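Given chain A, work out where chain B should sit, using these hints.
For reference, the chains in residue letters:
2 protein chains.
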Amino acid sequence: MSISITPIGIIETPFDDLKGMPIQPSGADKIQGTIIIDKEYEEGLSDLEGFSHIILLYHFHKSKGYNLMVKPFMDDQQRGLFSTRAPRRPNPIGLSIVRLIKIEGKRVTIEGIDVLNGTPLIDIKPYVPRFDIKDVTAVGWLENRQEQVASSKSDGRFILGQQQD
Amino acid sequence: MSISITPIGIIETPFDDLKGMPIQPSGADKIQGTIIIDKEYEEGLSDLEGFSHIILLYHFHKSKGYNLMVKPFMDDQQRGLFSTRAPRRPNPIGLSIVRLIKIEGKRVTIEGIDVLNGTPLIDIKPYVPRFDIKDVTAVGWLENRQEQVASSKSDGRFILGQQQD
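Chains A and B supply the protein sequences, listed in that same order. Using the numbering used here, the first residue of the first sequence is number 1455, and each one after it goes up by one. Using the numbering used here, the first residue of the second sequence is number 1455, and each one after it goes up by one.
These are calculated hints, taken from the structure and not from any lab test. Relax, there's no trap hidden among the hints.
You can't tell identical chains apart in this list, so a pair holds if it fits in one copy or across any two.
Cross-link-like lysine-lysine pairs, in silico, BS3-like; alpha carbons within 30 Å at most: (1) LYS1525 x LYS1560; (2) LYS1516 x LYS1493; (3) LYS1525 x LYS1556; (4) LYS1525 x LYS1493; (5) LYS1518 x LYS1473; (6) LYS1516 x LYS1560.
Note that the coordinates shown come from a computational prediction; the quantities given were computed from them, not determined experimentally.
The following block holds chain A by itself, in its conformation from the complex (with noise of 0.2 Å):
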């Protein structure tokens, strides 16, 4: 049993290749984007500009295929694709949060963004503490590699776990 997509609207940034683009949001801490939603959903923005941050669901559009095991970005091993945020996945659906700027119409203006220029959205929810933040006790395979990927761009090989063939 499937389900059908359709994209809400699509995000505008500064990267047009892979090449040179930050790993997640938190290596591009302050690159800014915008997304233009379609106009025939912009009354759903209603009320979101009271929120300082916002998570985004988005296609990773130019993802093929996938391999459940990959070697992540920085890692010398292959790992588990689902332990991984690698865009190769069954379901291509990439997830972001990002520091919401402000909403003109359909525009809004996000920081911290790291997708390539013109990914189709998928869907805004608001961020919300009580439910998004968790008191975290591991993190896996990114134990000390955190602060790494941070800083890190894409060589346009690797993307977060992904080997870009």
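This is chain B only, laid out in the frame that chain A set:
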């Protein structure tokens, strides 16, 4: 242009209907559930057990249609859909961050789950503080309502922003 999504497994929970279901995982801190991942994806669970928390994306399979303005649970005003976590959305994909208890083959035991029994799972991602924990300064209309939400249960008519028709 639409995207076709195929579930990778199913989430088993104690909640067979919306009545009495917690509003979000934070209101279901001790509730355990089990992900049964399809056999063909089992290898992708490798290395995941090292993480204390995981992000689940799933299909709000009981949701039909949507409204761009909704009256959230325990709020007295209509709010823009994208400022809520309502299940009835243009793309009815839900997001929950849960505690990972254990993995046995294709069975993943989780804690703090708030979805209906039989919910189709779309993706699992590791929860990584460096990407996913943000320094929130504003929560919009949820201001002063976060603790309330945490201790509330659905009455079968409303669930986090959505009127269940």
